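Engineer: Sequence:
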Amino acid sequence: MKKLVLALILMSFCSINYAQTPEEMKAWEDSMTPGKYHKWLASFDGEWQGDVKMWMDPTQPPMASTMKTTNRMIMNGLYQKSTHSGEMMGKPFKGEGTVGYDNIKKRFITTWIDNFGSGIMQMEGELSSDDKVMVTIGKMSDPMSGQDMTVKQVLTYISDDRHLFEMYMVLGDKEMKTMEINYSRMK
Numbered sequence: 134m135k136k137l138v139l140a141l142i143l144m145s146f147c148s149i150n151y152a153q154t155p156e157e158m159k160a161w162e163d164s165m166t167p168g169k170y171h172k173w174l175a176s177f178d179g180e181w182q183g184d185v186k187m188w189m190d191p192t193q194p195p196m197a198s199t200m201k202t203t204n205r206m207i208m209n210g211l212y213q214k215s216t217h218s219g220e221m222m223g224k225p226f227k228g229e230g231t232v233g234y235d236n237i238k239k240r241f242i243t244t245w246i247d248n249f250g251s252g253i254m255q256m257e258g259e260l261s262s263d264d265k266v267m268v269t270i271g272k273m274s275d276p277m278s279g280q281d282m283t284v285k286q287v288l289t290y291i292s293d294d295r296h297l298f299e300m301y302m303v304l305g306d307k308e309m310k311t312m313e314i315n316y317s318r319m320k
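Here the sequence shown stands for residues 134 to 320, where the numbers follow the numbering used here.
Hint data in this document are derived by calculation from the structure and do not stem from the laboratory. These numbers come from a predicted model, not from an experiment. Any given hint could turn out to be false.
DSS-like, lysine-lysine: derived pairs with alpha carbons at most 27 Å apart [stated by the list, open to error]:
#1 Lys-310 to Lys-186
#2 Lys-320 to Lys-307
#3 Lys-159 to Lys-227
#4 Lys-310 to Lys-201
#5 Lys-285 to Lys-201
#6 Lys-238 to Lys-285
Estimated spans, in silico, between C-beta atoms of each pair [to be verified]:
#7 Thr-289 to Pro-195: 16 to 24 Å
#8 Lys-186 to Ser-292: 31 to 39 Å
#9 Gly-223 to Ser-278: 22 to 30 Å
#10 Lys-307 to Gly-279: 15 to 23 Å
#11 Thr-203 to Gly-305: 33 to 41 Å
#12 Gln-153 to Pro-195: 50 to 58 Å
Where is the CB? At the ideal position from N, CA and C, for every residue including glycine.
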């Protein structure tokens with residue numbers, strides 16, 4: 134009986150600590166409701182063919198390959214999951230990304246993993262005022278130096294059936310383009 138009374142007292146304290154005002158509940162609901170930027174992300178849902186160019190040395194011609202990408206909104210339309218497969222540098226390539234718009238931070242947040250490394254890239258950024266270009270900046274593990282490296286990604290909406298992805302290494306005040314993917318919607 135003592136244990137039951139103690140459990141009931143503890144539960145009542147927990148419910149007091151989690152009681153929320155109507156304003157707090159509305160803020161929570163707003164944070165989990167898809168909005169304009171989630172709809173923008175959803176416009177990229179579907180299957181895409183990617184024509185890839187990669188530069189390891191900017192003085193040399195790029196390596197070319199192709200990949201298939203599938204994008205789909207998940208978690209009630211709050212996030213977009215993308216899966217990628219193809220070949221890079223003569224090896225099978227697989228990658229997964231997640232992007233969402235954080236209603237609290239008012240920023241896009243992205244993560245990326247692939248089978249070419251064990252690190253998780255994380256980035257944050259914004260959409261241009263004309264809703265055409267999303268720029269994100271973040272860090273990734275550089276396997277050659279063992280240090281974090283600043284990277285920048287630019288996603289440009291061209292049409293409902295085409296978009297361009299570009300990736301840059303940021304070295305001080307200079308940027309070096311390392312990747313470009315021209316995407317076409319598969320029909």
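Engineer: Each hint: holds or not?
Structural biologist: Status of the hints after comparison with the structure:
1. Lys-310 to Lys-186: 10 Å, holds
2. Lys-320 to Lys-307: 39 Å, violated
3. Lys-159 to Lys-227: With a Cα-Cα distance of about 40 Å, the restraint between Lys-159 and Lys-227 is violated, given a limit of 27 Å.
4. Lys-310 to Lys-201: 21 Å, holds
5. Lys-285 to Lys-201: Holds - the C-alpha atoms of Lys-201 and Lys-285 are around 22 Å apart, at most 27 Å.
6. Lys-238 to Lys-285: Holds. Lys-238 to Lys-285 sits at ~19 Å (cutoff 27 Å).
7. Thr-289 to Pro-195: 16 to 24 Å: 18 Å, holds
8. Lys-186 to Ser-292: 31 to 39 Å: Violated, at about 20 Å.
9. Gly-223 to Ser-278: 22 to 30 Å: 24 Å, holds
10. Lys-307 to Gly-279: 15 to 23 Å: Cβ of Lys-307 to Cβ of Gly-279: about 21 Å, so the range 15 to 23 Å holds.
11. Thr-203 to Gly-305: 33 to 41 Å: 36 Å, holds
12. Gln-153 to Pro-195: 50 to 58 Å: 53 Å, holds
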